[in-house]
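Number of protein chains: 2
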Amino acid sequence: MELVNEPKTKRGLETLDKISKAAEELFSEKGYYDTGITDIVMKAGIAQGTFYIYFNDKKSVFVYLINKLGKELKDSIRFNTKVSKDRYDEEYMGIKTFLNFVGEHIGLFKIVWQAQFVDMELFKEYYESFSKGYVKGIIKAQTKGEMTDIDPVILSYCLIGIANFTALKSIEFDGKSSNYDEVVEEVMKFIRNGAFKNKES
Amino acid sequence: MELVNEPKTKRGLETLDKISKAAEELFSEKGYYDTGITDIVMKAGIAQGTFYIYFNDKKSVFVYLINKLGKELKDSIRFNTKVSKDRYDEEYMGIKTFLNFVGEHIGLFKIVWQAQFVDMELFKEYYESFSKGYVKGIIKAQTKGEMTDIDPVILSYCLIGIANFTALKSIEFDGKSSNYDEVVEEVMKFIRNGAFKNKES
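So the protein sequences, as listed, match chains A and B. The first sequence runs 1 to 201 under the UniProt record's numbering. The second sequence runs 1 to 201 under the UniProt record's numbering.
Looking at chain A on its own, in the form it has when it is part of the complex:
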């Protein structure tokens, strides 16, 4: 477990949030290796001792942050696809939610991709847990005849790759900061034809 103590008060939760926000900024701007606990503490505006109430070391903050970002993204996708009428609609909202999430967490790729050096298992688990969720939905949709018969694991990684690299292009490279609808429309033309059956444009 990456947390030494769970915060028990509102103030504790706020402190943990300050640490997490400071770490997110620093790990994406300076990178994990160039960031010290002192930097995190200073940026968060807390006392050094307060840091150690919640974390044992820098690595624990990193693990906590990666898991937190992954959980927030999954929660956000779950929330936004709650009223989806079919798997296609879910896919559409999922991609849109992902683009918005990256727009709100500009350093996401820098943080997640450097996990390859900090903790390869953590990096792998980050994507494997997304894939697992995807695979369940794909198999269900394939059984219903909504989606094409393609190996669900490979298809899940195709979809993860599409979401990641179109977000990288439009947000990180082109600096797009809102209104991703046009990007989503074009991406969905490809996904609709590629993975869905009997779904007219």
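By construction, these hints were calculated from the structure, which means they are not laboratory data. The beta-carbon is built from N, C-alpha and C at its ideal position, and this holds for glycine as well. One or more hints might be untrue.
DSSO-like, lysine-lysine: derived pairs with alpha carbons at most 30 Å apart [stated by the list, open to error]:
1. B:K110 with A:K74
2. A:K176 with B:K71
3. B:K58 with B:K136
4. B:K197 with B:K144
Sample of chain A residues facing chain B (criterion: CB under 10 Å; computed from the structure) [unchecked claim]:
5. N100
6. F101
7. E172
8. E186
DEER-style ranges, computed between Cβ atoms [as the list claims (entries may be wrong)]:
9. A:L3 with B:V83: 54 to 60 Å
10. B:L3 with A:R11: 41 to 47 Å
11. B:Y52 with A:D149: 53 to 59 Å
Model the placement of chain B on the given structure of chain A, informed by the hints.
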């Protein structure tokens, strides 16, 4: 320019190759920030002075390596798609070549993705130059009626994303080290339906 001097002899070329191979191993195992010129020199089995014949500093080796890997991959794709009979066939061979390339350069994602910290422009240019090549081919195939009308830039990043994440999954996560044909077949089912017209399986 990242090279101080171009090697003029066979021996010079061999030395440069030794430096490049040592840097590739170290940047992917230990990472850019934890690797020193001394490590590179030791691993390459050359004298410190020899290093400075070709490079000014560590960053130059990194830039040289990223550009070298990008060029090798492009050359390899160009070579393997020379006899392709149509765009679909090119795409098939392109994905297959990419998987083989990643299999031969296990640390590729670690090296390329940490470029986000070392030199963001270099990182961006690495993918943008791939996209540009892709876009040319896509527009040609769309004009001929071979490919579906999807924004070619977005489509190029969809295809780059698919290649990267299916390679990440099958090679880095699952440890597959040869015979990527099954992966390519499944990926191409998706791409064929998603981006190609009148192309039967």
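Here is what the structure says about each hint:
no. : hint                          : in the structure
1   : B:K110 with A:K74             : holds (25 Å)
2   : A:K176 with B:K71             : holds (29 Å)
3   : B:K58 with B:K136             : violated (35 Å)
4   : B:K197 with B:K144            : holds (10 Å)
5   : N100                          : violated (17 Å)
6   : F101                          : violated (16 Å)
7   : E172                          : holds (8 Å)
8   : E186                          : holds (4 Å)
9   : A:L3 with B:V83: 54 to 60 Å   : holds (57 Å)
10  : B:L3 with A:R11: 41 to 47 Å   : violated (57 Å)
11  : B:Y52 with A:D149: 53 to 59 Å : holds (58 Å)
Taken one by one, the earlier hints fail for this structure at numbers 3, 5, 6, 10, listed in ascending order.
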